[in-house]
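Number of protein chains: 2
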Amino acid sequence: MRRVTIKDVASHVGVSYQTVSRVINDRPDVAPETRKRVLQAIKELGYQPSAIARSLVSRRSHTLGLITADFSDYFFTQVIAGAEIAARERGYFFILGSSERKPEDEPVYVRLLTERQVEGILFARPSTEKDTSHIRALLRQGVPLVTTVYYLEGEKLTVVDVDNVDGGQQATECLTKSGHRHIGLIKGPEGWKSVDDRTQGYRLALDREGIDFREGLIEGGDWSEESGYKAMKRLLQKAPQITALFAQNDRMAIGAMRALREAGRRIPEDVAVVGYDDIPVAAYCEPPLSTIRQPMREVGRVAVDLLLEAIENPQAEKREVLLKTELIVRESSGGRR
Amino acid sequence: MRRVTIKDVASHVGVSYQTVSRVINDRPDVAPETRKRVLQAIKELGYQPSAIARSLVSRRSHTLGLITADFSDYFFTQVIAGAEIAARERGYFFILGSSERKPEDEPVYVRLLTERQVEGILFARPSTEKDTSHIRALLRQGVPLVTTVYYLEGEKLTVVDVDNVDGGQQATECLTKSGHRHIGLIKGPEGWKSVDDRTQGYRLALDREGIDFREGLIEGGDWSEESGYKAMKRLLQKAPQITALFAQNDRMAIGAMRALREAGRRIPEDVAVVGYDDIPVAAYCEPPLSTIRQPMREVGRVAVDLLLEAIENPQAEKREVLLKTELIVRESSGGRR
DNA sequence: GTGAAAGCGCTAACAT
DNA sequence: ATGTTAGCGCTTTCAC
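These protein sequence lines are chains H and U, in that order.
Sequential numbering from 1 applies to the first sequence in the working numbering.
Sequential numbering from 1 applies to the second sequence in the working numbering.
Please note: incorrect hints may appear among the correct ones.
The list makes no distinction among identical chains, and a pair is therefore deemed to hold if it is satisfied within one copy or across any two copies.
Below, in silico cross-link-like pairs of lysine to aspartate or glutamate (EDC-like), each with a Cα-Cα straight-line distance of 16 Å or less [unchecked claim]: (1) 43 <-> 115; (2) 130 <-> 153; (3) 102 <-> 89; (4) 156 <-> 317; (5) 193 <-> 166.
Just so you know, the hints here were simulated from the structure itself, not pulled from any lab data.
Go ahead and model the full structure; you've got the sequences and the hints to work with.
And the structure:
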């Protein structure tokens, strides 16, 4: 069962196959009558042009590579959704090259992606890579490249990120403004820039109120509910005086709220809580979780815009785009005290 | 900045480019010394074979198409993650062809996918399509095709699904076994086979205990927390006697639990609740949610296995594979009454 | 063991 | 307006 090719169409109509090419590419120089017959034959034979053959000659694959690490992560999943839609609107497709659970394989996927002639690569994963030489190699080769929330030391990259300093500050201010002075912090894992940024925002908000930044009020988790739960337990142990908590993502906030309930602390009366992300369940937690909403899909969309821009104009200046967050006040943060 | 081709390598070494081809394809007939020099040149020049050119001549793209509808859906996201890993292990890549929010565009993406010479297509989306003619066309053309949880009337498909009848029965039995006789049901949206199946399981479990199946205990949602919340409110209105609830996914269960709390019903003392999916937050709800765990990643993995099987052997018999669910008992379902 | 020739399906110049 | 020639980067005969 051979595929129908341009030549089959041509001989069926009785013209040269180049004429068929003209028709499918909507070129002007072809008689209306001929065009009609060609179109008819295309339909009859069920002809579909081969994108591969086209790519070979045009040297444009209209394909983008996507490197991701974790499909369970709500943030990146949404980024990918936004990116996918944006790419499709512009006539591009994504090839999936995830490296879930095996960051050490990433260089391999990147190579496979470039072998497939992707015109650019989007890195939609956190900055937890050890080996970055393959990325530097890409940069040297001039492969268009955009990352989301991922920076590379000593290299200028085009990255789309969320203003996490501001976000962390918004979250914390929501608490300080209610009069809280002992505000616990549950950080995300080491090595994430967003963690450092949100922490800095936390610090700025405290400073503004003249509250000391104290390590004793800080614990860390790995973004999971369970880690938030455990961090909160430790925090309750070492800093029982806290009256508020900023958890750097909603999942940890939810785990922390469970620990608080188990410890008999009421939310928000005894301990006010603010999360980060605004995942769908946040509004239905007990109590509904105040949080910071991030424009995740927008991140993906902008990333694709910049990637296509870089493809069009490879020597364009690399730049960093920061998107704003929004504070969503629900019940867990309490009112004014 | 031209790409380095096989010919560049050849002339650099001083051999014909066919010899280089032999080396990169690990063919035997090449002198060890020549091979070494070629390999050396490949490294020096940074040569990468063009997968596109290779595909053109070999007529194998080693690419699979992925049709999906919603990256926010935990189930399908996990299926995709499992599928992606399985595909990569077998040397295949996925091209993303989602049709999020625009099911009417699906035929277009399918066409674009086949133009890209995908060797097979995985449909990882629910069965809510109106227009199915493009899928029937694919079937007629003999394009290898596997779906997850999607059936097509009047066509024999290879589909990987979860045994939702059994799952619904497990969920409901967990409630009947505790002595509940007035068990409410919050269904997912119309048109989903999983909804019908879970409902049938609910019915079977009731039958087994000699409990009447009553429409008055049933409400429907759209899978979201909010819809579960509203459905529960309606249910409380029309069937205040219920002492238990089976919500067909966790997100609706979480919404329902909020409605129950607001109505002053304790969980599980007044109303026991069981969900479906075992999403990550389920264990950290208030109270922790009993639920049915589905082997989502396994679904993706098996789907890819079957797809590659169909590619190898196009006339292989189509078949349906049903994976088992697992009841996860936490607090929301209560103990024995 | 290696090279020459042909061709995968298509586009793009150049003829006519 | 249409056909001819060449070539994209590679694999695969078939010679030598």
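Now for the hints, and whether the structure bears them out:
In the homo-oligomer, the alpha carbons of residue 43 and residue 115 lie at most 16 Å apart only across protomers (15 Å), although the nearest pairing inside one protomer, at 33 Å, exceeds that limit. In this assembly of identical chains, the alpha carbons of residue 130 and residue 153 lie at most 16 Å apart only when taken from the same copy (12 Å versus 50 Å across copies). Taking the closest pair of Cα atoms, residue 102 and residue 89 come within 16 Å of each other only across two copies (12 Å); inside a single copy the shortest separation is 31 Å, beyond that limit. For the homomeric pair residue 156 and residue 317, the shortest alpha-carbon distance inside one copy (9 Å) is at most 16 Å, but the shortest distance between copies (54 Å) is not.
Proximity of residue 193 and residue 166 under a CA criterion of 16 Å is satisfied intra-copy only: 13 Å inside one chain copy versus 45 Å between copies.
Taken one by one, the earlier hints all hold for this structure without exception.
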